[in-house]
Amino acid sequence: MSSESLDAAADRLPGSPVAILRDWGFLRDLAPQVLGAVVRRFRDFAACEDAVQEALVAAAAHWPREGVPDNPRGWLIQVALRRMTDHVRREMARRCRESAVAAETHVVVAPVLYSEPDDTLVLLFMCCHPALTPASAIALTLRAVGGLTTAEIAKAFLVPVATMAQRISRAKQTIEASGVPFRMPDAAERGQRLNSVLHVLYLIFNEGYTTTSGPALHRTDLSNEAIRLTRAVHQLLPDDTEVAGLLALMLLTDARRAARTGPAGELIPLDEQDRALWDMAAVAEGVALVSAALRNGPPGEYQLQAAIAAVHDEAARAEDTDWPQVLALYGVLKQMSDNPMVTLNHAIAAAMVHGPQAGLDLLAPLAADERLSGHHRLDAVRAHLLERAGDRRGAIAHYRAAAEKTTSLPERNYLLMRAARLCEGL
Amino acid sequence: MKYMLMMNCPRDGYDKFGSMPKKDIEGHIAFMIDFSKQLGAAGELVGAEGLASPLQARRVRAGTDGKPITDGVFPEAKEFLAGYWIVDVASPERAYQIAAEASAAPGLGGKPMNMPIEVREVMAGPPKDL
Chain W
1 MSSESLDAAA DRLPGSPVAI LRDWGFLRDL APQVLGAVVR RFRDFAACED AVQEALVAAA
61 AHWPREGVPD NPRGWLIQVA LRRMTDHVRR EMARRCRESA VAAETHVVVA PVLYSEPDDT
121 LVLLFMCCHP ALTPASAIAL TLRAVGGLTT AEIAKAFLVP VATMAQRISR AKQTIEASGV
181 PFRMPDAAER GQRLNSVLHV LYLIFNEGYT TTSGPALHRT DLSNEAIRLT RAVHQLLPDD
241 TEVAGLLALM LLTDARRAAR TGPAGELIPL DEQDRALWDM AAVAEGVALV SAALRNGPPG
301 EYQLQAAIAA VHDEAARAED TDWPQVLALY GVLKQMSDNP MVTLNHAIAA AMVHGPQAGL
361 DLLAPLAADE RLSGHHRLDA VRAHLLERAG DRRGAIAHYR AAAEKTTSLP ERNYLLMRAA
421 RLCEGL
Chain X
427 MKYMLMMNCP RDGYDKFGSM PKKDIEGHIA FMIDFSKQLG AAGELVGAEG LASPLQARRV
487 RAGTDGKPIT DGVFPEAKEF LAGYWIVDVA SPERAYQIAA EASAAPGLGG KPMNMPIEVR
547 EVMAGPPKDL
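Quick mapping for you: the protein sequence lines, in order, are chains W and X.
Here our numbering is used: the first residue of the first sequence is 1, the next is one more, and so on.
Here our numbering is used: the first residue of the second sequence is 427, the next is one more, and so on.
It is worth saying that the hints were derived from the structure and are not from the lab.
Yeah, the Cβ is synthetic: ideal placement off N, Cα and C, and Gly gets one too.
You may find that some hints are simply not true.
[Said to hold, decoys possible] Taking lysine-lysine pairs in the DSSO-like style, the calculated list, with each CA pair at most 27 Å apart, reads:
(1) X/Lys428 <-> X/Lys493
(2) W/Lys155 <-> X/Lys537
(3) X/Lys463 <-> W/Lys155
(4) X/Lys442 <-> X/Lys493
(5) X/Lys449 <-> X/Lys537
(6) X/Lys442 <-> X/Lys463
[Unchecked claim] Covered stretches of chain W, going by a simulated chain X footprint (3 or more residues, C-beta under 8 Å):
(7) 77-87
(8) 413-420
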């Protein structure tokens, strides 16, 4: 069954299985374990993944009526294995349609069912394989590990279901073609591959947090999903400090979600947010995670970013922010990463500590950086610093230049509004 | 029947929009958000997108080797597509009515902008009587 027809079937079933899948988080937690068990048996990743989706849809249709079985995972594995057995039979019959052997072929499914606790991790390594484009890895991860339906993923990324179904199916083909075995990468390769996994999770979170398309600023489903998956990885690799750092970064950033937009969906910058709206439980969890991680070894990039987010989150008022601390952390981060975005943020922190001119001086060399040319953030930061330095006309020009370049509608509106506000004071 | 409603703006439209006073920009944005909400609530909205500034726009043709030949920002163009709605409505008259409402979006001083909206029917699948 193709993804499209599966989603269509899901929508026709009573009790809106898609909604049940979402509400029953535990069902989706089981998805990667079930998929792991089935892939171990049949190897054919693409077909197994379809079979597990069908089992999830079947569960969402049956369980509300008949009650949750005593062993939900076993139930799902059985159903998925049965689908796979049917699939293999059909394939065999197709291949030897002329032969009488087909009628006699039986696929025996051994009764012993097992799944390894780190199947989730092995699946993540597969779905975030470097051979895939980020967009493909994201879609495949959300479906195979996150247990989301193709329709839900398509909705989250505002693309037609058929487009997303095709993207997922091509991603699966790429995985098949690359011949990755279903097992943990060896120690030599593991660090590199874990980086890819963390990067994909980070992109999913960011896509939810700062949507790059559509009028709304957040798509919370994606942020929540990224946090859920990162939490799972953290449980499996509790000693990995960068995994803990990424989880902390997500929690500390997401804690500000409610304060980040106004009633009409407009963007509210950090220093103007109502901090009473911040989720202090998430802040506490993030701070504890990043503090423990930083004690356990040399800091990585995610831990440093989390530490910076923690400094902001721990300030009761914007003016209480420990900017020298933020500046020091960006200084360390800048040595580890040549990402120009880090330099931009370093400049903002320098401006807060040493005045706007110090920040503007740090921005000067970035104008020549090709990775930033045409990027609205450089203009936006320059505009902010010029505004603080009292150069209203310069600030207006750069706010407007940034508004022309951004592709985020709420951000464009915010930048135009800043320029308009300054114009009124001229 | 589906219609695409295309909102065109003059060359300097993006600049002019950004130079309006704050309350006029706010008024325009609030109108657009509300307009889409109402179309959605009426079950008529299929999709809508606003396009980023034409500053980065390129016109692309295939060269003889099939590789893209890009043309920079076009000096000859007088108008740019700024955004569109696709609506599913019962009659062309309803599509024109929606287009007129969009055209009257408030601009400078809260006065209607009267932007030209091009209304085109979207090609459908097989005819209904087949």
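Taking the hints in turn, this is what the structure says about them:
A C-alpha spacing of about 35 Å is found between lysine 428 of chain X and lysine 493 of chain X, which places the hinted pair above 27 Å, so the restraint is violated. Among the hinted pairs, lysine 155 of chain W with lysine 537 of chain X is inconsistent with the structure: their alpha-carbon atoms are about 36 Å apart, more than 27 Å. For the suggested pair lysine 463 of chain X and lysine 155 of chain W, the alpha carbons sit about 18 Å apart, so the restraint of at most 27 Å is met. A distance of roughly 36 Å separates the Cα atoms of lysine 442 of chain X and lysine 493 of chain X; the hinted pair therefore is violated under the 27 Å criterion.
For the given pair, lysine 449 of chain X sits about 12 Å from lysine 537 of chain X by alpha-carbon distance, which is consistent with the 27 Å threshold. Distance restraint check for lysine 442 of chain X and lysine 463 of chain X: the Cα-Cα separation of roughly 26 Å lies within the 27 Å cut-off, and the hinted pair is therefore satisfied. Beta-carbon proximity to chain X at under 8 Å applies to 0 residues in the region 77-87 of chain W; the threshold of 3 is not reached and the given coverage is violated. A stretch counts as covered by a chain when three or more of its residues have a beta carbon under 8 Å from one of that chain; for the region 413-420 of chain W and chain X the count is 5, and the coverage holds.
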